[in-house]
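Enquirer: Chain by chain, the residues run as shown.
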Amino acid sequence: MTLAVTFLEVGRRAHGWDEQNLQLLASARQISDAPTGGLTSAVKGAADAFLTSWHRHVTTLAEEAESTGDDLRGAVEDYMLTDDYTASASYDLSMDEYAEFHQNLVDR
Amino acid sequence: MSATITIPAACRTVPELDVDTASIGELAQDLLVASTQIDDVGEVAGGSARVPDWTGAGSSAYHAWLGPFGYRADAMSLALRRVGRRVEDHQTEMARLDDLRGRLAQAVGQQMYALDDFERRVRVHVNNPPGAEEDPASYDPTTTALQQESRTLDQALRNLDEQITSWETDVDTEETAMAAAFRQVMTTDQVEDRYGGVADPADAPLSRMPPESAGPAAAREWWESLTPAEREAIMTAAPGAIGNRDGIPAVARDEANRVSLDRDLELWEGLGDDRTPEEDRQLENAAAAQDALEEYEGERDPNGNEIPSMLWMYDPDAFGGDGRVAVSIGDPDTADNVAVNVPGLTTDGREIGQYTDQAFNLHQSATTADPSQTYASIAWIGYDAPNDNPFTGDSARVLGEGAAEDGGALLADSLNGLNAARDDDFNLVPIGHSYGSTTLGHALTDHDVDVDRAAVVGSPGLGSGVDGPGDLDVPEGQFYVGRNSDDGVSGLAGNGWAHLGPLGLGYDPSDVDFGANRFQAEDSSRNGTNDFGDSHTSYYDPNTESLSNLGIILSGGEPVGAEGVHDPFFPSWGNLNASPEDPEADRDVTHPQTTP
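Protein sequences appear in the order of chains A and B. Yeah, the first sequence ends on 604 if you go by my numbering, and it's all consecutive. Yeah, the second sequence ends on 592 if you go by my numbering, and it's all consecutive.
It should be emphasised that the hints constitute simulated quantities derived from the structure, not laboratory data. Worth double-checking, as some hints may not be accurate.
[Unchecked claim] With a straight-line Cα cutoff of 20 Å, these simulated EDC-like cross-link-like pairs (lysine to aspartate or glutamate) come out:
1) A:K540 - B:D85
2) A:K540 - B:E22
3) A:K540 - B:E164
4) A:K540 - B:D14
[To be verified] Partial chain B-side listing against chain A, Cβ under 8 Å, derived:
5) S19
6) E22
7) L27
8) V47
9) W50
10) T183
11) E262
12) G266
[Stated by the list, open to error] Have a look at the derived ranges for each label pair, beta carbon to beta carbon:
13) B:G193 - A:D529: 49 to 55 Å
14) A:L577 - B:A210: 47 to 53 Å
15) B:H587 - A:G541: 58 to 64 Å
16) B:L267 - A:S563: 15 to 21 Å
17) A:R552 - B:D94: 28 to 34 Å
18) A:S528 - B:H587: 51 to 57 Å
19) A:S563 - B:T161: 51 to 57 Å
Since the model is a prediction, treat every value here as computed from it, not as a measurement. The C-beta atom is built at its ideal place from N, Cα and C for all residues, glycine as well.
Looking at chain B on its own, in the form it has when it is part of the complex (with noise of 0.2 Å):
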């Protein structure tokens, strides 16, 4: 008697899919930015370009002009996003199609081995047949356990080849309504039949958007109010109105800051030799945040999570070209623990790539600290901050508070609004260094704000009348400063070296008086002597006891300590050749580590 066993076919192989996802990421984005300056164009046509008394034949023919000159850009603005949107969704559909291919093809090779070994224990089984004598009925279980197991095998190789069918109909769906996308507004005339006169999603939304005076909360119900739809289509055609609108998601914020961001770098890459002095300057602010945000990307924390490196704010024009401009590292809208770092001297948008480095050693020194929780560190330009050294061009300006008290309030919209935008719990930490600890300053006692800690480091005083951390609106005993003991800045306080007094920022914050939580922040390269360069800028460098602590402090623990700074000739304004004493200059420095 004999038995059949059937070797099952082999199921077909999963055909290549040569696709770039990330270039067609490229390829909508360039194509959504184009249409933001289309949009831009239909826009000025139909208003703000007329002349209303113009009169005259040439009144007449321009004005006639415009109306379907407008009609024509806003047709195209909508076609170009419909298929610059379109184009997206291509992306995240060959994303999910390139992904489902290795998880196919995975499957295949593995069913293509068992079944290679099936046939080999097949062929075994042939040549070695149960001995004759035994009962056909009860020798042959091996025989019987190959024929349960040929089908079951069978039945996976079938259903493979099910799937790659599924999955090579899926690729051709989309594939064709993809180049359909493409084909259906070729031309003008297609254009103009689909969407001429058809109004632009944006603009009812728009039209409801309440005032920067009604506050961030208004901003945030505004848009949680709106359909994606609409959302999308104010990212596109007027990104300038949520870039850096308080209470607006950070996603949403970054992803309309990028879109300007493009659009800026086209037209003034574009122009060359043609730049005036004041496009130079944009280019550069606009160049320089481009970088910042490449330098960062993909990078990820040590659980293996992408750090997002998110444009937060962008005005490369604001404050006569210095620029105003934030990225955070990791998402503020999410993250346990936000910090915000504002710069002090010298700073303008130009040199967002050196703040946003120092704002990615605070994530990597805070995820040190603690590894558990999440964090988005900001590197904030977002005031008129002083850029000039102080004593040479700027001078006046760095020792007035003029500059901290705008910015103050500026910080502290910031600050409203990164608490707007959430609901949960979460702690939000501003830092400020040098001046801007003075800018920290005036936030934290002109305005109401809600933080959960500050710290300050190389502070020359956050500013006049502020005494001690019961001035600021700081949780108790959540004040933090960090002082080199040769940073000469702090002498800019009202006590300290230079015994400016009245003249200077304010009371020293490392002075044992004023009563902060002083953290160790020595640097190695001191001398025992006054110094306005490194032992003032060495405050985020990796490895130093300042930006070990000022990550703990940030993920909420409490930084290593020191002894406050003791000053005899202030307050009583007695000797001016007394000189400040600080405990912290004879003790050895120390070199923590700050990153994972």
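Just chain A, same shape as in the assembly (with noise of 0.2 Å):
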């Protein structure tokens, strides 16, 4: 595998981490909105304080995966700024690799 083709993998697990924040924060809400208003008061104080603490992880976890997300895709951007990018990919990517490489960037 080139290093081109190996940063075009690069570029996709930045975007998918990007998903995996979004399905994170995803979850992270529902933990916060799940309803403890059925419960007993008994236990009612120690579901909200659960759902507290873990909507907090929740939302950590997915901060990481969008840190991991911008690192990926810092990585590439170093890669591209390089000279040998350029030769590499235009040699070795078939132009829908690239477009689809270029468009992921660009939207990102």
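Make the complex out of the two chains shown on their own, each in a separate frame, by following the hints.
Expert: The following block contains the structure:
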């Protein structure tokens, strides 16, 4: 596998972590919105504290996923700045792959 | 001489229990759905997120992060799943305790009434003592009886006290255990201490899951080999693995698909304006499925039994975004009679609501026909049905058999899956409407299926080469066809008013020469002209001949018969001006009742 194709994969992983970020944020929201009103008062306090903590835990996971996506994109951008990129990308990638690769970066 | 009659002490009242078990169920579901997503992240981190050929400092840092991140996500997923399951158990236990509380309160009321009555009778007795001249040993049977009654009543009241105390202990024990389950995994350190590195109980059974090609019987055998804990783990960790898998019990498919549905709704609704057009479409499919399920939640049959609505199939992204979804009214694994309703034109996942309405109407109609039996009626949007008007954008696809051929294979899989999920004898009755009948025709000719009866309504033909019921894999005499005399779509068969011949979708099954059992299916809106509107879409409308007869067919009875269409054009290819003659066109339309 050439370096350009490898970085295409890195770009895809960056996109993947963006999606994980969104899905984890949805989970965090679902946890914080979960109803505890049906529990008896003896349980409700513990449940509310649990949901508050877990909203924070899952949000932290989501932020890590997003940060990782950013880091991977940074690595790809660094690679793109090298002279080697243009030569190898145009040589090794099909036009479709190249377009997708580039569009992913533009979208970000 | 005096005698003592003791008035027993009153028993305790039963404490209030302020609990909403349905809401607790929602809490459990939310936690389980969230755990599913976290499990997915852990799985990605442990596998597909790696870039093996990437080297250098960035790669080292990235791959060094993946391991601990995945480890933490896996532990969190397991912890959250365990708490979610514990909340489910809590729901069950609190429902039991709430029910018990009601019965205790009723018993307390009865005993307190008895006590009041006893006290009153003792007062009357004391105020009206027996005559002094009578022998105390024999004159006072009433006193003796009241003394005995006092002891019996006291025993009952003290017994109730004990039951109330025991109930309170059970409530307290359950509440303490539930609260502890929340507190035990409150922090990430607690989570990692308890669940870090613990194997997911879903992993081992999933690794033994047979491939799709092994067929539905193998899937069922695998499922039955699992422990309850393994099944629960799979339904949460990998709902997509079993939600649409033929051979898996409907109850498990439904639970898994609802986890997927909830997760999708949470994600896509949360994205708001950031949704892509594809996500908009998927959200529409998911929301339609949710609405369809909610619409029929809590429905009961005439015997008072709840009719479950089940998400039997769910894939909102299938077929380029059209979606693949099936909702069952009734449990197809236990019902005496199971209908699979196959729709035709203009069908995609967004329309599961209207097709679930039709499935429900059929369920009602069959129950009306024979309330002693049970039914399941599935709205099956399981193939890539032509989703445009046949005379505008998508006509080429409609008029060809390609989609029906592909759909027939998928339908055959579902029919075989329904059979494979059960050992007992039940009646499986697929019903095709419009192009869905062509799809059904392909399932019954291209594939080996085992159905008990089959019916079509508004059919443009069952596929080229199907010239009679004998070409179909249906028991002799068990193939039925309904057609409104105004229905223009029937003319898209080889014979019929459109005169399409070999360009059509096969022989008109309502034609007398086809040899099917035609049943009455006239619609009151008919006006003697070919119609692609109401005349073609009203077969499942309440109180119509068609729905009544479909219900009778599903219940195993014989529908009200009708004479077949005569087409002088076909098969001699003679007079292009000749139109089919339908004896049904002049008959008075009836309105049989289709609701119990």
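Enquirer: Would you mind marking each hint as holding or not holding in the structure?
Expert: Evaluated hints:
1. A:K540 - B:D85: holds, 16 Å
2. A:K540 - B:E22: holds, 14 Å
3. A:K540 - B:E164: holds, 18 Å
4. A:K540 - B:D14: holds, 11 Å
5. S19: Result: holds, 3 Å to nearest chain A Cβ.
6. E22: holds, 5 Å
7. L27: OK, holds: B:L27 within 8 Å of chain A, min 6 Å.
8. V47: holds, 5 Å
9. W50: holds, 5 Å
10. T183: holds, 7 Å
11. E262: The hint holds - B:E262 has a Cβ within 8 Å of chain A, the shortest such distance being about 5 Å.
12. G266: For B:G266, the interface hint holds, since the closest Cβ of chain A sits about 5 Å away, which is under 8 Å.
13. B:G193 - A:D529: 49 to 55 Å: violated, 31 Å
14. A:L577 - B:A210: 47 to 53 Å: With Cβ atoms ~51 Å apart, the hint holds.
15. B:H587 - A:G541: 58 to 64 Å: This hint holds: roughly 59 Å between Cβ atoms.
16. B:L267 - A:S563: 15 to 21 Å: holds, 20 Å
17. A:R552 - B:D94: 28 to 34 Å: Given range 28 to 34 Å: holds, Cβ gap about 33 Å.
18. A:S528 - B:H587: 51 to 57 Å: holds, 53 Å
19. A:S563 - B:T161: 51 to 57 Å: Once the Cβ atoms are compared, 56 Å apart, the range 51 to 57 Å for B:T161 and A:S563 holds.
In terms of the numbered hints stated before, the structure departs from hint 13 and from no other.
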